[in-house]
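Asker: Those sequence lines, one after another, are chains A, B, C and D. Take 2 as the starting number for the first sequence in the working numbering and just add one per residue. Take 2 as the starting number for the second sequence in the working numbering and just add one per residue. Take 2 as the starting number for the third sequence in the working numbering and just add one per residue. Take 2 as the starting number for the fourth sequence in the working numbering and just add one per residue.
Bear in mind the hints are in silico, worked out from the structure with no lab data behind them. In this text, all values refer to a predicted model and were calculated from it rather than measured experimentally. Mixed in with the good hints, there may be bad ones.
Note that the list lumps identical chains together, so a pair holds whenever it fits in one copy or between two copies.
[What the hints assert, rightly or not] Using 30 Å as the maximum straight-line C-alpha spacing, the simulated BS3-like pairs for lysine-lysine come out as follows:
id : residue 1 : residue 2
1  : K253      : K134
2  : K253      : K228
3  : K228      : K134
4 protein chains.
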Amino acid sequence: MVRVAVVGAGYWGPNLIRNFAACADTQLVAVCDTDQKRLTKALAGFPDVAPVREFDELLGRADVDAVAIATPVGTHAPMGLAALRAGKHVLIEKPLAASVHDAKELVTTAKEMGRVLMVDHTFIYSGPVQRIKQIVDAGEIGDLYFIDSVRINLGLFQHDVNVVWDLAPHDLSILDYLVGRLPRSLSAFGTCHADSVREIEDVAYLNLDFSGGLLASFHVNWLSPVKVRHFIIGGSRKSIVYDDLEPAEKVKVYDRGITVNGDIEARRGVLVGYRTGDVWSPHIAQTEPLARLVSHFAECIREGKEPITSGEAGLRVVRILEAAQRSIKAQGGRITL
Amino acid sequence: MVRVAVVGAGYWGPNLIRNFAACADTQLVAVCDTDQKRLTKALAGFPDVAPVREFDELLGRADVDAVAIATPVGTHAPMGLAALRAGKHVLIEKPLAASVHDAKELVTTAKEMGRVLMVDHTFIYSGPVQRIKQIVDAGEIGDLYFIDSVRINLGLFQHDVNVVWDLAPHDLSILDYLVGRLPRSLSAFGTCHADSVREIEDVAYLNLDFSGGLLASFHVNWLSPVKVRHFIIGGSRKSIVYDDLEPAEKVKVYDRGITVNGDIEARRGVLVGYRTGDVWSPHIAQTEPLARLVSHFAECIREGKEPITSGEAGLRVVRILEAAQRSIKAQGGRITL
Amino acid sequence: MVRVAVVGAGYWGPNLIRNFAACADTQLVAVCDTDQKRLTKALAGFPDVAPVREFDELLGRADVDAVAIATPVGTHAPMGLAALRAGKHVLIEKPLAASVHDAKELVTTAKEMGRVLMVDHTFIYSGPVQRIKQIVDAGEIGDLYFIDSVRINLGLFQHDVNVVWDLAPHDLSILDYLVGRLPRSLSAFGTCHADSVREIEDVAYLNLDFSGGLLASFHVNWLSPVKVRHFIIGGSRKSIVYDDLEPAEKVKVYDRGITVNGDIEARRGVLVGYRTGDVWSPHIAQTEPLARLVSHFAECIREGKEPITSGEAGLRVVRILEAAQRSIKAQGGRITL
Amino acid sequence: MVRVAVVGAGYWGPNLIRNFAACADTQLVAVCDTDQKRLTKALAGFPDVAPVREFDELLGRADVDAVAIATPVGTHAPMGLAALRAGKHVLIEKPLAASVHDAKELVTTAKEMGRVLMVDHTFIYSGPVQRIKQIVDAGEIGDLYFIDSVRINLGLFQHDVNVVWDLAPHDLSILDYLVGRLPRSLSAFGTCHADSVREIEDVAYLNLDFSGGLLASFHVNWLSPVKVRHFIIGGSRKSIVYDDLEPAEKVKVYDRGITVNGDIEARRGVLVGYRTGDVWSPHIAQTEPLARLVSHFAECIREGKEPITSGEAGLRVVRILEAAQRSIKAQGGRITL
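Make a model of the complete structure from these sequences and hints.
Answerer: In structure tokens:
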């Protein structure tokens, strides 16, 4: 039984509290927040969990094996590092840190201390993404040709981060889970409308260039009149469309594509054949992703395993976010990774 | 009555033939194609129209006031120039020419010869785009914040042009119609899968940066498992979604957006308010865009008017296409226009 | 402040508990359930509310002005009558009672005792239905031509009632709210697949014939592979489509219809003209219907007003349900109301 | 090579003309219409086909093996009977005849004359319906539980027939193809709004009761603000949804349903289990249904085979239409078939 404390009882913390309390492999022992009112509210249904006001006090508790950090992104690194150095295993809300420098230090420190460092890329533990990963890994898609992601809607504006740091970690974590490596280079474009003073972008596009003909594009937007959560994975054999707003058929596998004539001479003539076959939507059980995540966190601590959403995965996503930020400021200048 | 000859009886030509024959303001006098079989087939229902094999012969005919050119893009400039120099008014299929150089020469020559030069940006004459233009020009949208266009489906591969030159002219012509000026800079990304030998891109993204906070993005794709024709115009007051695949409600106007607090000091606090109002889908009469186009062509010739889709408009689209091509080859390098 | 007790802490009860506790005009004083475990769970967050095991005990409490009954349909009448006779105001979950006889007795008793009797037709208090009612009452629809309702999905099977008594009260209450009178006659059709022993219908159709050319049809189904919640109101001037599964545009008003040539002689020639105009989707604020309902209940008690969803409205719906049941058993035999 | 004449060059005739002319197994020799203008227009592209003004003249031609009748429904029987008696094979547009009496006489006469009688139930030859038939016949659906059909849109009003005779033959022919027998009884409901003088119904519902727990329902409507073409086939093992307006995935097979506990005693407890599995949309080649139909007509004549859409199938559909008409006039009175 892993004994866990949750830090931060704001927007996301209560979800961690609920899931750590419900998980058979974890025991929620404490929750930490500087705001007494939030703390009281968050612990309403959990009389046996200790309320803690000071983070340092929390780290000093011997009955805490691991801490889950759900605080503003600027505090991820200092808190995560302190917790690792105090010998705790650490789960950090996405994005892992506010800079590549910080994220690297987290990864290094976890290694040095021999502790599990995990990033809360929640989507990775969702039924649809798990199913997509299986299909891709089984080779059904063939070579990856393109990945196109659209995550747009009206609001909610954040005070501290732009739309890239707010929304793109979801899709970049899915990309990273499927592809497992960094792109060769990246260009990003963004504009500010709501907050041009502090230059917080509310519309942005990311274009990632992988070697081998794979292009990945991301559209994130807080000003869209319509809500879209659409993800296409184009492959040489089949293609997948993942529409997170579909109530029942979120993942569809299309047996459609082109067949390229292998004979170069012949190709001067007829280039391309088309295949259009069946469409298949696998049944996906509805499980709360966070329930799987906390259970996996406990398993990694218990068995000394590398988490699926490891610190390294979190670092790769932060690398892309930081590069995207630089590219936006350079009006789409190409950044090599 | 403007006397017209159509050149090229392949894929698009028969549509021009049908519409010029049906239009009350034009008389179709001849059709020119080097392929006798195609010529015969195209003229089946038009016994009074002269079949012509040689383009030069066509230009020599005194009963031809105007020619409509629907031939491969590489021939647009030489044929268009010859026709203008022979004193004919000219309509050219999109894109206007294969290069900025050629497009410019067409524009200049038309001016010198005092003849109408029009590009067949068909979509501009469609009911939905006409309606959108009215709404934007009436100020209902407010300032333009972003334009996002997706035109993707499986196939059809072209032998001579890539997906950018094939599909993007449609959306770029709509953009140009709404914005009326070139972007400050542009970056484009593309990959080849079907024809890596000749490097014909089948997936591409264009990012156009206008001054004043307007970003325009275009996704064109021949490898998508699903067909999408989706165009969002985000504005400061309202936003428009144009879905060309919707059978009945192609254009929707959303009274949704944000209200930025004008007081900079106050903005440190609450940044942004949200508005969500009604959605309105104006009724749009179903008229064939090409019918309006040929009628407008006749009107411009008769009255010496500048066409809505003038040579200049065609040139601006070719500027973007050529810059996009260069940017793709530079792996997304930024091109200033 | 109306002091309320909720009876039944099963499926629906907790929603009433939450809303009565949150409403500014009501005070939740007690919750009654014979099952101690359910009672404890339901009252977890409400330390000041009294748990009561015996219904009779509840009725004896002087601090209870009104009771809200959320128990199986067979107990609605005995419990409701006892509560009214004990001088309490009564809210009863839909359907009001298991028979017309019982429903009538409830209505009569409420009148005799001078107490408010209200049926929990929750949908009537939803934003979409309120908006539709306004539009219809404003005359925008013109004469009602037809109402078509589809409420189908897989499951959930009930042990005690068939699909008509389970699902149709929702749609019949909306119908009753819009039309305000009983149909002239009714025919219903149903079949049993899951429980042919006890003959609990799982697929059913109701056809209601109103005078004046209005036909209303209802499809309710527990065996459908797809979930549909679709309601069409066809009118002489405009028509409304209410799709409860649409996340953002649940109500759409179509300015479409026919114009009948008034001159009978002329009609021998051209019968009908078509109108196709704009489509308009009014913004509808998201408020919990039950919050409005409990507030309205308090208002009716305070001011001695007739509830929108009065006992009479509940009785009319039960009349239709009972007639439908009889018609189904008579294989669709026509029942006059 | 079957030599065919088409009778009636109005709305549907030209489709028959085009398909009989294109089919490799048929030779279009003549087209008959009393209206010279229509005749000339219909034969524009077919210089070798004889225009015939008089039907009697057509029947006298020795070079005509078969006639295809696409005239108003009231003329189907007299023309069909005359053609059969003249020794011709006969194809008749749907519905086969205006009454059961007439339809029976056609069937009997065809048998006596030893000629092929086929009804043009076009949908039966469409890719989706062919695929659905295969799936149903393969037993994948299990027992049929319910069939629900919705065919509604605005217009087009007919002068001679009501919405039932106009739209329902499509869906009833699909039903008949899948089920192959008449229902036990039927009730129908309809109202008139556009033409109350001549009582031409524009909204109607049909409920068909088959033995063995199968219910089939049909909604046909000329006054709907939205266009719907939706067909559900609910089964004990799987279910099918056929949405004819879907551009790409018209047929979907849902591996969803209930599992009834076979043990009656046990069923007093837990009644029903739910299955939710994959959804599968088979690829369906796009072939023109009428091309298959004319080829099948030729095959039946050549080989003396019974057509899929035989006179008997046409008669069964007319039986339902006539019974529906009677039921509507009896305000939904139940008609036994």
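Asker: If a hint holds in the structure, say so; if it doesn't, say that too.
Answerer: The hints, checked one at a time:
For a Cα distance limit of 30 Å, the shortest separation of K253 from K134 qualifies both inside one copy, at 13 Å, and across copies, at 24 Å. Taking identical chains as interchangeable, the C-alpha atoms of K253 and K228 lie at most 30 Å apart whether they share a chain (19 Å) or sit on different chains (14 Å). For a Cα distance limit of 30 Å, the shortest separation of K228 from K134 qualifies both inside one copy, at 25 Å, and across copies, at 24 Å.
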